[in-house]
Amino acid sequence: MRIEALHKRFGSNHVLCGIDLYVTRGEVVCIIGPSGSGKSTLLRCVNMLETPSDGRVFVDGIELTDPDCDLDRARTSTGMVFQSFNLFAHMSVLDNITIALRKVLRQDRSAAEAKAQKLLTRVGLAEKATAYPAQLSGGQQQRVAIARALAMEPKVMLFDEATSALDPELVGDVLRVMRELAEEGMTMLVVTHEMDFARGVADRVVFMDSGAVVEEGHPDQVIGNPREERTKRFLANVRKRD
Amino acid sequence: MSWSRRQRLRLVRGGVYAATITALVLILLVVDWGALGGALFKWGIVKDQFPDILTTALRNTVIFTIFGFAGGLSLGLLLAIMRLSGVRPYRWFAATYIEVLRGIPLLVTLLILGFGIPIATGWKWPNPYIQGSVPLALVAGAYIAETVRAGIEAVPRGQMEAARSLGMSYSRAMATIIIPQAFRIIVPPLTNEFVLLIKDTSLISVLGVTASTLDLARFGRNGVNDTANATPLVVAGLVYLALTVPLTQLAAWMERRSKAGRR
Ligand SMILES: Nc1ncnc2c1ncn2[C@@H]1O[C@H](COP(=O)(O)OP(=O)(O)OP(=O)(O)O)[C@@H](O)[C@H]1O
Ligand SMILES: [Mg+2]
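These protein sequence lines map, in sequence, to chains S and Y.
Residue 0 is where the first sequence starts when you use numbering that gives the first Met the number 0, and the numbers rise one by one after that.
Residue 0 is where the second sequence starts when you use numbering that gives the first Met the number 0, and the numbers rise one by one after that.
None of these hints come from the bench; they were simulated from the model.
A virtual CB, placed ideally from N, CA and C, is assigned to each residue, including glycine.
Hints are not guaranteed to be accurate.
[What the hints assert, rightly or not] A few chain S residues facing chain Y, derived, Cβ under 7 Å: (1) 71; (2) 79; (3) 83.
[Unchecked claim] DEER-style ranges, computed between Cβ atoms: (4) 235(S) to 255(Y): 49 to 57 Å; (5) 123(S) to 244(Y): 50 to 58 Å; (6) 38(Y) to 134(S): 56 to 64 Å; (7) 109(S) to 110(Y): 52 to 60 Å; (8) 126(Y) to 101(S): 42 to 50 Å; (9) 128(Y) to 123(S): 56 to 64 Å; (10) 19(Y) to 129(S): 54 to 62 Å; (11) 259(Y) to 70(S): 36 to 44 Å; (12) 89(Y) to 69(S): 16 to 24 Å; (13) 61(Y) to 134(S): 38 to 46 Å; (14) 174(Y) to 8(S): 28 to 36 Å; (15) 246(Y) to 8(S): 45 to 53 Å.
[Stated by the list, open to error] For the chain Y half of the interface with chain S, some residues (derived, Cβ under 7 Å), not all of them: (16) 157; (17) 160; (18) 161; (19) 164; (20) 165; (21) 166; (22) 167; (23) 168; (24) 176; (25) 179; (26) 180.
Whenever a hint applies, use it, and build me the whole structure from the sequences.
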């Protein structure tokens with residue numbers, strides 16, 4: 000996955016000011032940074048939920064910013080997990096996971112459901128297949144959302160503050176699923192405020208501020224021994240909060 | 000002596016009650032109930048309304064309503080989608096259509112389409128049901144479009160984003176994710192649109208009717224001509240109520256239930 004000179008403006012608000020980022024296969028990159036620094040926007044540009052104002056985005060060798068790119072097809076190679084889960088409220092857990100398999104990849108129902116059941120087992124929710132999102136806790140909903148994204152067999156998984164909306168005691172279950180995914184070799188781009196997770200799981204940490212990459216490197220360096228003044232200040236603030 | 004706020008309120012309320020009761024008693028004494036009953040609700044005439052008021056008039060009202068609603072719902076859905084589309088000419092067309100047809104009284108639209116155009120062009124409506132239902136559907140579509148649009152906008156943005164992130168096209172996401180959720184939200188207001196439509200069918204008879212296409216309102220009015228008594232219109236009114244009251248109650252119940260469910 001490669002991002003080149005990415006810019007995004009909302010009107011006169013210059014939110015991303017020339018981001019370059021390269022993520023190799025199997026790498027886990029965590030993005031940290033203060034609120035409003037453009038982390039979500041960057042992630043949403045990777046699967047083109049936001050159209051970049053300038054620059055190029057490649058996933059698995061395909062340029063998504065190419066005007067001729069079939070975006071619907073290209074998006075199947077990125078899975079996204081949102082802060083607010085965004086499960087389809089009118090569908091059961093099983094249908095949430097199978098709907099794109101059936102409608103986009105045209106798999107038949109029984110194959111899709113078998114796959115969904117396997118993924119549910121993997122995220123520890125095998126018995127919740129027939130439940131509706133409203134009947135699940137936030138942590139359970141988020142694990143279903145991860146299973147839903149994984150069902151499409153994406154090349155890259157994008158996580159936008161996947162645990163920020165959760166009660167503290169539910170965070171662990173979701174982080175465990177994410178950690179397992181990383182260990183299995185999934186390529187992941189993770190926006191998070193969980194410094195322990197970033198330190199323990201990431202191959203690389205990127206610190207962003209005001210729409211630019213300020214510092215990046217090994218987690219022990221960026222989080223443990225930051226070079227930049229802004230990174231130090233941000234980390235001090237995070238520690239104070241905890 | 001000074002009164003507390005609560006005492007003053009109680010005094011005012013007592014005064015209102017007393018005035019209302021006095022007025023009711025006066026009405027009871029002044030009105031000649033026997034004459035009024037004879038003019039509005041004469042049993043012999045009530046009985047004469049049946050069974051035709053059900054087999055012809057009610058049947059026609061229901062036919063006009065259902066055709067009008069089915070057409071209006073399809074058109075409303077289409078207009079709502081156009082109204083929210085990224086294609087500017089679609090948006091303009093839908094916005095203009097909705098604005099124009101909601102801005103003209105239904106009676107005038109009915110006369111223009113059902114009456115004016117045939118006279119001006121020599122073209123004839125194939126049958127009276129179509130002549131009445133099509134203008135009704137065209138107007139209902141404008142109102143329903145706004146209801147559907149509100150429903151679509153009430154579905155959280157994240158639903159569309161999640162669907163797109165899974166590789167669904169915009170139209171597939173609309174059809175499988177957004178519109179089914181929007182419809183759950185708008186069933187109560189749509190039920191109210193349906194009730195409005197039932198009542199609006201009473202205007203169709205201005206286009207001229209044959210004995211077999213009489214609706215409830217026209218049937219009642221003809222009855223008044225025949226009997227020189229208001230009873231037929233009163234009975235027609237009661238038949239309308241038998242249709243509309245259960246539906247508005249149903250809509251209110253669904254609305255309460257969905258509010259309770261969201262908590
Ligand atoms: N759709 C939009 N329209 C206009 N401005 C936007 C839009 N989305 C984001 N922005 C602006 O872009 C800037 C960066 O937002 P973004 O959501 O990417 O920040 P973030 O780093 O994810 O912050 P947080 O940690 O609070 O989630 C903000 O100033 C925000 O106001
Ligand atoms: Mg964000």
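Hint check results:
1. 71: holds (5 Å)
2. 79: Where the cut-off is 7 Å and the nearest Cβ of chain Y is about 4 Å from residue 79(S), the hint holds.
3. 83: holds (5 Å)
4. 235(S) to 255(Y): 49 to 57 Å: holds (51 Å)
5. 123(S) to 244(Y): 50 to 58 Å: holds (51 Å)
6. 38(Y) to 134(S): 56 to 64 Å: holds (60 Å)
7. 109(S) to 110(Y): 52 to 60 Å: Given range 52 to 60 Å: holds, Cβ gap about 58 Å.
8. 126(Y) to 101(S): 42 to 50 Å: holds (43 Å)
9. 128(Y) to 123(S): 56 to 64 Å: holds (59 Å)
10. 19(Y) to 129(S): 54 to 62 Å: holds (57 Å)
11. 259(Y) to 70(S): 36 to 44 Å: Between residue 259(Y) and residue 70(S), where Cβ atoms are some 40 Å apart, the hint holds.
12. 89(Y) to 69(S): 16 to 24 Å: Between residue 89(Y) and residue 69(S), where Cβ atoms are some 23 Å apart, the hint holds.
13. 61(Y) to 134(S): 38 to 46 Å: Holds: the Cβ-Cβ distance is about 40 Å, inside 38 to 46 Å.
14. 174(Y) to 8(S): 28 to 36 Å: holds (32 Å)
15. 246(Y) to 8(S): 45 to 53 Å: holds (51 Å)
16. 157: Since the shortest Cβ distance to chain S is 4 Å, the answer is holds.
17. 160: holds (6 Å)
18. 161: holds (4 Å)
19. 164: Since the shortest Cβ distance to chain S is 4 Å, the answer is holds.
20. 165: holds (4 Å)
21. 166: Cβ of residue 166(Y) sits 4 Å from chain S, so the hint holds.
22. 167: Holds, because the Cβ-Cβ distance from residue 167(Y) to chain S comes to roughly 6 Å (cut-off 7 Å).
23. 168: holds (5 Å)
24. 176: holds (6 Å)
25. 179: holds (5 Å)
26. 180: With a minimum Cβ separation of about 5 Å from chain S (threshold 7 Å), the hint on residue 180(Y) holds.
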